[in-house]
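Assemble the complex: chain A is given as a structure, and chains B, C and D must be docked to it using the hints.
Number of protein chains: 4
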Amino acid sequence: MSSFSWPVRVYWEDTDGGGVVYYANYLKFLERARTEWLRSCGFSQQALAQDPGIIFAVVNLRIQYKRPARLDDELLVSCEAHSQGAAAIRFAQRIARRVPAVSAPAQTLAEAEVKVACVDAGTFRPKRLPSFLMNALVAPEPH
Amino acid sequence: MSSFSWPVRVYWEDTDGGGVVYYANYLKFLERARTEWLRSCGFSQQALAQDPGIIFAVVNLRIQYKRPARLDDELLVSCEAHSQGAAAIRFAQRIARRVPAVSAPAQTLAEAEVKVACVDAGTFRPKRLPSFLMNALVAPEPH
Amino acid sequence: MSSFSWPVRVYWEDTDGGGVVYYANYLKFLERARTEWLRSCGFSQQALAQDPGIIFAVVNLRIQYKRPARLDDELLVSCEAHSQGAAAIRFAQRIARRVPAVSAPAQTLAEAEVKVACVDAGTFRPKRLPSFLMNALVAPEPH
Amino acid sequence: MSSFSWPVRVYWEDTDGGGVVYYANYLKFLERARTEWLRSCGFSQQALAQDPGIIFAVVNLRIQYKRPARLDDELLVSCEAHSQGAAAIRFAQRIARRVPAVSAPAQTLAEAEVKVACVDAGTFRPKRLPSFLMNALVAPEPH
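Protein chains in written order, with this note's numbering: chain A, 1 to 143; chain B, 1 to 143; chain C, 1 to 143; chain D, 1 to 143.
Chain A on its own, in the form it takes in the complex (with noise of 0.2 Å):
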């Protein structure tokens, strides 16, 4: 297990015509929540995809809309990593707002579950994660 979080603005490009953020966008903070996860683990996903040639594919998702993010928000990803037998991640995943005001908690908008496989970068078939992959995966865990 790893936790992990990011920073993001909401942009113009971000929202639709009721005024807020566009539902479909949320899973691309969530998506740069998980690949700055595995940038802070110290991988590149284009260096992955030449070398040992994998990508990640999302499988599953399940995602609870619960308040909308409006433009110009400041908003916090969190990211929290479990290995999924040999060839998956599992993400709980977070998105909140951080309040202006000092000591404010931040509000919990929306909440997600991501299931990404591991599979090979030609062919999309699973590939097993790598083993400093998995290490990486294991290794912040408290026993």
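Calculated directly from the structure, the hints in this document are not laboratory data. Treat the hints with caution; some may be incorrect.
A pair holds if it fits inside one copy or across any two, identical chains being indistinguishable in the list.
[What the hints assert, rightly or not] Straight-line alpha carbon distances no greater than 20 Å define the calculated SDA-like cross-link-like pairs of lysine to any residue that follow:
#1 Lys66 x Gln107
#2 Lys115 x Arg67
#3 Lys66 x Glu113
#4 Lys127 x Pro68
#5 Lys115 x Asn60
#6 Lys127 x Ser5
#7 Lys66 x Phe124
#8 Lys127 x Leu38
#9 Lys66 x Ala47
#10 Lys115 x Arg62
#11 Lys115 x Gln64
#12 Lys66 x Ala87
#13 Lys66 x Arg125
#14 Lys115 x Ala87
#15 Lys127 x Val59
#16 Lys66 x Thr108
Using the frame of chain A, we list chains B, C and D on its own:
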């Protein structure tokens, strides 16, 4: 209950560097089908937002990605609407690829379940589904 | 020269918090029309990327936004292709709104000029337009 | 005149099947930089839309694409604002890639010129730039 299908073509804008449709963009396809289903029942969301002042907000969503869609693919997005309580609609949706070969069955690429709440366009507070929409939801049900 | 039009419907995904289509999304509509023009000439970009291994990259673009498009609008995107040298195509494009009233002329929302280069799918180096495409570009020209 | 730069990271959401950033998405990056420039001058667009009820609409745009950006790239988007008449701002913008090597100059990927009009948030009719914004535009000018 009410069933409906809507064709979607995959363009460059929908794909990502992995050569397949970006995972968040399937949610756009799902929403197009829901919007067109609503239109097929005689309702424009632009008009509903003015009078009686309602919009539809996704409350939660589950999606299972089975096979990737690619550039130029012709997809068929289905949408089966069920009323859920007085202020929400539950959609069972499926994204399939039309296979060129005559009489080949369409391949299922993704399956989703989407709960949509009817909310006030200004306050985002829950509102009862208008009766004409409730009727449209119930009407096609065989019994 | 070759002229062509393609219908586009505006969905929630296209709009922004200002209640109108987000300015970058008009470029998606322009690209759909160019892709469909190419398809109408008998070419799929997926196939061209494989053999002869070319893709089309936008080199420069000018767009003038005249009136905003809104949710549910039915647009018509036109595209007039001109060859420009041996390795590029220049498109004159227009986005118009179809007006429901019988015999009302379509309203021009945006006008664009887009220069697209033919490049190698792997290296992104310029490549000559294949002769079958050159022919398609020249063929419909009246003289 | 006023100059400003904003960093942008390239994520999967930004790329397309050609393995590079989709051409419309550069316009999102340009807009983020303009928004952050405005914020750096002390103005939130959410607030300006409420009081004095103005939003900024792009009137026309010219962009030249020189080199493609790719997944994981770190970009720097600059933005130089000039007042143009009483109701518009003209931005000269540049997107560059930060090169990892120490002391290597950033590579220019795209250059754009964007004219943005100040319009009424409700009617989209042109409005004079508020004087505090005019002052911010003029202030940094050396003379």
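Hints and how they fare:
no. : hint           : verdict
1   : Lys66 x Gln107 : within (10 Å within a copy, 33 Å between copies)
2   : Lys115 x Arg67 : between (23 Å within a copy, 15 Å between copies)
3   : Lys66 x Glu113 : both (14 Å within a copy, 17 Å between copies)
4   : Lys127 x Pro68 : between (37 Å within a copy, 16 Å between copies)
5   : Lys115 x Asn60 : both (5 Å within a copy, 17 Å between copies)
6   : Lys127 x Ser5  : neither (27 Å within a copy, 35 Å between copies)
7   : Lys66 x Phe124 : between (34 Å within a copy, 11 Å between copies)
8   : Lys127 x Leu38 : within (17 Å within a copy, 37 Å between copies)
9   : Lys66 x Ala47  : neither (36 Å within a copy, 24 Å between copies)
10  : Lys115 x Arg62 : both (9 Å within a copy, 12 Å between copies)
11  : Lys115 x Gln64 : both (15 Å within a copy, 10 Å between copies)
12  : Lys66 x Ala87  : between (31 Å within a copy, 16 Å between copies)
13  : Lys66 x Arg125 : between (35 Å within a copy, 12 Å between copies)
14  : Lys115 x Ala87 : within (11 Å within a copy, 30 Å between copies)
15  : Lys127 x Val59 : within (14 Å within a copy, 34 Å between copies)
16  : Lys66 x Thr108 : within (7 Å within a copy, 30 Å between copies)
Hints 6 and 9 from the earlier list are contradicted by this structure; the remaining hints agree with it.
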